[in-house]
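Engineer: Spelled out, the chains give:
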Amino acid sequence: MLLSQVFHKIEKKIITSLRDNPKQTPESLEKSTRLLPDQIRRGIEWLRLKELAIVTESQSSVISLGKNGLESLQKGLPERRLLELLKTGPKKLSDLQKELGFIFGPSMGLARKNNWVEASSDQISIKNPPSELPGEKTLKLVGNKKIFKDKLDATDLSGLLKRPDFIIEDVIKSKEISLSDSAKSIELSDTIGEIDVEAKVPEVFVARTHPLKDTIDEIREIFVTLGFSEIFGNMAQSSFWNFDALFTPQDHPARELQDTFYLDKINAKKIGTPEQIRKVSESHKKNWRYQWDINEAKKMVLRTHTTCVTIKHLAEHKPDEARVFSLGRVFRNEKVSYKHLVEFNQIEGVVIGKDASLRNLMGIQREFYKRIGITKIKFWPTFFPYTEPSLQTMVYNEKLGKWIELFGMGIFRPEVTKPLGITKPVLAWGGGIERIAMLKYDLDDVREFYNNNLGWLRSATKCQ
Amino acid sequence: MPVVELSYTRLQKLVGKVSKKQISDSLPFLGLDIESEDKDLVRIEYSPNRPDYSTDFGIALGLQGLLGIKTGTVKLNIKKSNKFPIFVKSGVSKMRPFVTGIVAKNGKIDDKTIKQLMTMQEDLHFGIGRKRKKSSIGIHDLDKISFPLVYTTTNRNHKFTPLNSEQEIPISEILVNTDVGKDYGSLLGQSPHVPIIFDKNQNTVSFPPIINAAITTVTTKTKNLFVEITGINKDDAEDMLAVVATILQTAGFTLESVKISGMKNSTPKLEQKKISVSSSLINQILGLNLNAAKIISSLKKSRLDASSKGTNIVCTIPAYRFDIFGSMDLVEEVALGYGIQNLEPTLSPSQTIGKTNPVSLQLKSLDQTMIGLGFLEALNSSLTSKRVLYDMVNRDSSKIISVLDSKSQEHTILRDSILPGLIENLSRNIHESYPQKMFETGTVFTFEDPISEKINCSGISAHKDANFTEIKSMIQSALKIGFGIQIETKTTTNPTFEEGHCASIIFNNMSIGIIGKINSKIIENYKIRVPVVGFEISLFESILKNQN
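Chains as they are written, first to last, in the numbering used here: chain U, 1 to 464; chain D, 1 to 548.
Just so you know, the hints here were simulated from the structure itself, not pulled from any lab data. Check the hints yourself; a few may be wrong.
[To be verified] Cβ pair distances, simulated, as ranges:
| id | chain 1 | residue 1 | chain 2 | residue 2 | range |
| --- | --- | --- | --- | --- | --- |
| 1 | U | Arg289 | D | Lys21 | 35 to 43 Å |
| 2 | U | Asp196 | D | Asp465 | 27 to 35 Å |
| 3 | D | Gly500 | U | Gln258 | 24 to 32 Å |
| 4 | D | Glu45 | U | Lys376 | 20 to 28 Å |
| 5 | D | Gly500 | U | Ser61 | 41 to 49 Å |
| 6 | D | Gly374 | U | Asn295 | 29 to 37 Å |
| 7 | D | Asn508 | U | Lys378 | 52 to 60 Å |
| 8 | D | Lys221 | U | Tyr338 | 33 to 41 Å |
| 9 | U | Gly455 | D | Gln351 | 26 to 34 Å |
| 10 | U | Tyr338 | D | Asn508 | 44 to 52 Å |
| 11 | D | Phe147 | U | Gly401 | 22 to 30 Å |
| 12 | U | Lys378 | D | Asp465 | 51 to 59 Å |
| 13 | D | Lys112 | U | Gln258 | 53 to 61 Å |
| 14 | U | Arg289 | D | Pro148 | 23 to 31 Å |
[Stated by the list, open to error] Which stretches of chain U does chain D cover? Using the computed rule of at least three CB atoms under 8 Å from a CB of chain D, they are:
| id | segment |
| --- | --- |
| 15 | 148-160 |
| 16 | 331-342 |
[As the list claims (entries may be wrong)] Which residues of chain D face chain U? A partial, calculated answer using Cβ under 10 Å:
| id | residue |
| --- | --- |
| 17 | Ala214 |
| 18 | Thr217 |
| 19 | Asp465 |
| 20 | Glu541 |
Cβ atoms here follow ideal geometry from the backbone N, Cα and C, with glycine treated the same way.
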């Protein structure tokens with residue numbers, strides 16, 4: 001119970017009226033408060049929400065007379081009319097028939113069944129009728145009005161209900177308003193202009209950046225502060241940069257249509273310098289023992305990783321010392337499910353320098369995870385075609401109670417760097433961002449990020 | 001990644017003196033991911049570069065090394081023999097020129113061993129065999145074969161009883177009626193002749209790379225095996241043989257050589273190779289300071305042999321480790337033998353100053369401006385469908401950029417516009433309260449040398465009073481306040497928009513986008529019950545003008 005309550009004047013009027021007259025209908029409240037029906041409706045609703053008013057809804061039957069009922073009200077029930085005719089003495093059956101017409105049959109049947117008349121040869125005479133016939137009391141009581149069914153004698157009514165068009169029964173809904181116990185004693189302040197500052201208010205929706213974008217921005221920020229600079233690259237890439245330059249042989253399963261999106265009938269015009277092409281193809285021929293085909297390298301694909309962007313950058317600039325990263329969408333020809341998308345975001349970073357080592361690479365990862373709030377991590381060996389040694393980070397998720405795989409990392413193979421003229425060791429790491437965002441927003445269906453479901457976008461907490 | 005199913009108790013027997021926990025704790029440090037466990041059974045993922053891990057025999061070798069039970073290389077002991085010759089005829093030179101093989105004797109084959117060998121064969125076929133194209137294996141019961149064998153060609157009418165069949169079937173029918181025939185028949189091309197291995201009595205032993213003959217089927221009663229591998233490259237076939245031979249020897253067989261001659265074929269040597277690597281490279285890359293002895297013991301734990309020679313480490317690599325190309329691979333082997341868990345991460349101070357890309361900064365400013373105007377940010381895929389991008393919004397679809405063989409119907413073409421996706425998003429939110437205002441910034445694709453990628457921004461507003469004036473004021477203010485860009489609008493027509501409520505957005509006398517009220521028929525088709533207004537602008541021609 002609230003300590004103090006501020007009431008609207010409508011509420012005050014309703015409460016006051018109900019204190020005088022504890023059980024009322026909305027109609028009676030209209031009369032007593034002189035408020036409009038709509039004001040009464042709103043006031044009752046407010047009070048009900050505050051648990052100050054109790055609204056009991058009930059249904060009741062109302063009885064009025066039908067066509068035949070009204071006729072009987074005027075002329076008397078058919079059996080009364082028969083008895084009236086016999087009042088003056090016995091009558092011939094045929095005369096009665098003529099006099100009463102089609103009501104003769106039913107009225108005669110009823111009168112005989114009840115022993116109100118007596119028949120000898122064709123003479124009908126009155127016997128022993130009651131002064132008030134069954135149904136007459138009800139007929140008189142209802143008259144031309146509508147009357148609640150429960151105010152009538154049920155036995156007396158029942159006979160009439162069986163007769164066609166005698167009785168009309170309507171169901172009406174009614175509300176009864178009363179005060180709750182707490183409302184009976186509550187103080188009604190007289191201060192004018194106060195509002196209920198504790199009342200519920202409508203929800204408004206905040207315009208905001210997309211939750212996934214927030215995670216992307218957060219990750220970008222972390223790497224910038226770790227000394228990395230952001231580079232951009234295209235999503236549509238030649239197979240040369242997406243695969244060949246990364247030492248992925250042309251017959252490697254990852255290059256098949258069922259894993260990679262190839263653009264229909266689109267080939268790159270220029271894929272690299274003649275020297276790059278020659279050296280990359282030689283490395284493939286020597287190490288993978290097959291006929292390298294430039295046409296295969298020209299096929300345009302939607303990048304399967306952002307590594308193609310970083311390797312292209314290194315091949316172009318050949319820095320001795322650098323920290324760069326690229327961040328963007330990558331594509332895989334997968335069946336979309338709660339854990340797989342055809343298109344997702346990846347971050348990819350590289351460190352090049354004379355003292356770049358595997359332990360440094362692990363240190364950068366550890367620092368990154370620490371900054372996104374993950375401290376329980378470990379490293380496992382793994383395999384990527386273009387790095388050696390290769391590791392993956394496993395992070396412990398408290399909510400799921402298990403280790404999950406996040407970023408992969410490694411040192412670019414000499415078979416990758418040498419043909420492109422990169423002489424210093426290159427540490428590389430990368431991984432999907434949606435997985436991190438899923439942990440952050442506690443989602444178990446990755447598709448939610450791209451559904452643009454306003455219900456979710458409007459409710460996801462901005463700062464997690 | 002390929003998966004192999006193992007039994008812990010079987011592994012314990014193979015490795016020797018280890019607990020189940022020691023095994024499950026060590027597997028990840030061999031690069032093997034435990035996918036699932038069920039009591040004694042464990043399913044693990046292994047890397048395709050380590051086909052020796054396709055059986056529990058191979059994994060046991062790795063575990064023995066890592067746990068220090070047995071270290072150093074596994075030497076193949078192959079008894080030289082003249083009893084098993086294979087002659088190669090000229091016909092195969094143009095289709096599948098090489099055959100190699102080995103004999104493995106006196107082994108015990110139980111059901112579980114057969115299952116492991118079958119998985120190995122399948123994984124080798126799929127991985128390094130490139131779906132049997134590069135090389136393929138046949139494993140036979142040696143005692144059902146009379147040597148010498150001949151590797152030659154036959155015509156497609158030739159009949160024999162293939163594996164899992166009881167009657168003779170012509171090759172042409174095998175190719176059409178069996179699963180393997182349908183899957184791999186295309187590797188044989190259109191030639192009327194196909195490769196075949198006959199024994200001394202002209203009985204068919206194998207029809208590579210499709211199927212073996214039924215008569216040589218390996219069962220639990222088989223004692224002695226004959227393995228043949230055919231392929232298009234001799235070295236690749238011998239690599240595969242090295243894996244099979246190593247596994248069979250580990251499984252308890254004794255190996256004998258198969259003598260191969262004819263058409264540039266020869267008996268396989270399966271020799272170890274030597275690669276030398278400098279200690280300083282190892283220490284530099286790993287960030288450690290290990291002495292030669294520690295490096296050598298680490299390599300031995302990775303089942304390699306090594307000795308020091310000056311400042312170099314000379315490493316001996318068995319034939320089945322053809323994943324080792326050069327010195328960096330050896331650095332990794334040192335790391336694995338040393339134990340990844342023993343590498344302590346370090347953070348060396350950055351020598352560089354980080355910088356956000358200016359494009360990212362501009363886009364972030366745009367996001368903030370749009371949000372200030374009450375727009376909620378949406379994200380859609382760049383890969384979308386013809387229905388959403390063109391059909392539903394009456395756009396001309398003659399310049400579609402599509403991808404091949406997408407597994408998802410909703411993701412088959414690259415978007416050249418962002419607005420259609422946002423309109424579709426509204427249709428999924430008709431039960432949510434209005435006004436609904438959304439915007440999205442993202443890459444759009446068009447044909448140009450061969451593909452041009454630009455960044456567009458689109459916004460929409462849907463509510464009962466949405467109108468042209470509202471959306472124009474918003475984009476006008478966003479560009480003016482956010483970027484000092486003054487735009488104008490010029491009447492135009494566009495099938496996505498309502499006629500008379502549509503304009504080009506003009507900046508510096510150039511059209512940079514479109515704005516207007518979305519065609520009511522489109523809104524109706526999407527079952528949206530309020531009017532919708534929207535815009536789309538090209539950012540490289542406006543706010544990113546100086547960035548590209």
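Engineer: Now tell me if each hint is right for this structure.
Structural biologist: Structure-based check of each hint:
The hint said 35 to 43 Å for the Cβ distance between arginine 289 of chain U and lysine 21 of chain D, and at roughly 42 Å that hint holds. Taking the beta carbon of each, aspartate 196 of chain U and aspartate 465 of chain D are about 30 Å apart, inside 27 to 35 Å as hinted. Checking the proposed 24 to 32 Å range against glycine 500 of chain D and glutamine 258 of chain U shows it is violated: the Cβ atoms sit about 49 Å from each other. At about 22 Å, the CB distance of glutamate 45 of chain D to lysine 376 of chain U agrees with the hint of 20 to 28 Å.
Separation of glycine 500 of chain D from serine 61 of chain U is about 60 Å and departs from the stated range, judged on CB atoms against 41 to 49 Å. Distance hint check: the CB atoms of glycine 374 of chain D and asparagine 295 of chain U are about 51 Å apart, inconsistent with the given range 29 to 37 Å. Distance hint for asparagine 508 of chain D and lysine 378 of chain U: a CB-CB separation of about 56 Å, consistent with the stated range 52 to 60 Å. In this structure the supplied range 33 to 41 Å is violated for lysine 221 of chain D paired with tyrosine 338 of chain U, their Cβ-Cβ distance being about 48 Å.
At about 48 Å, the CB distance of glycine 455 of chain U to glutamine 351 of chain D disagrees with the hint of 26 to 34 Å. A beta carbon spacing of about 47 Å between tyrosine 338 of chain U and asparagine 508 of chain D agrees with the range 44 to 52 Å that was offered as a hint. Between phenylalanine 147 of chain D and glycine 401 of chain U the Cβ separation comes to about 59 Å, which falls outside the hinted range of 22 to 30 Å. The hinted window of 51 to 59 Å between lysine 378 of chain U and aspartate 465 of chain D holds, with their beta carbons roughly 57 Å apart.
Taking the beta carbon of each, lysine 112 of chain D and glutamine 258 of chain U are about 32 Å apart, not inside 53 to 61 Å as hinted. Hint check: arginine 289 of chain U to proline 148 of chain D, Cβ distance near 29 Å, so the stated range 23 to 31 Å holds. Chain D is given as covering the segment 148-160 of chain U, and this is violated because 0 residues of the stretch bring a CB closer than 8 Å to a CB of that chain, at least three being needed. With a threshold of 8 Å between beta carbons, the proposed coverage of the segment 331-342 of chain U by chain D holds, since 7 of its residues qualify and at least three are required.
At a threshold of 10 Å, the smallest CB-CB gap from alanine 214 of chain D to chain U is about 31 Å, leaving the interface hint violated. With a cut of 10 Å, the hint placing threonine 217 of chain D at the interface with chain U is violated, because the nearest CB-to-CB distance is about 29 Å. Interface hint at aspartate 465 of chain D: violated, since its Cβ lies 17 Å from the closest Cβ of chain U, which is beyond the 10 Å cut-off. For the restraint placing glutamate 541 of chain D at the interface with chain U, the shortest Cβ-Cβ distance is roughly 17 Å, beyond the 10 Å limit, so the hint is violated.
Checked against the numbered hints above, the structure violates hints 3, 5, 6, 8, 9, 11, 13, 15, 17, 18, 19, 20; every other hint is satisfied.
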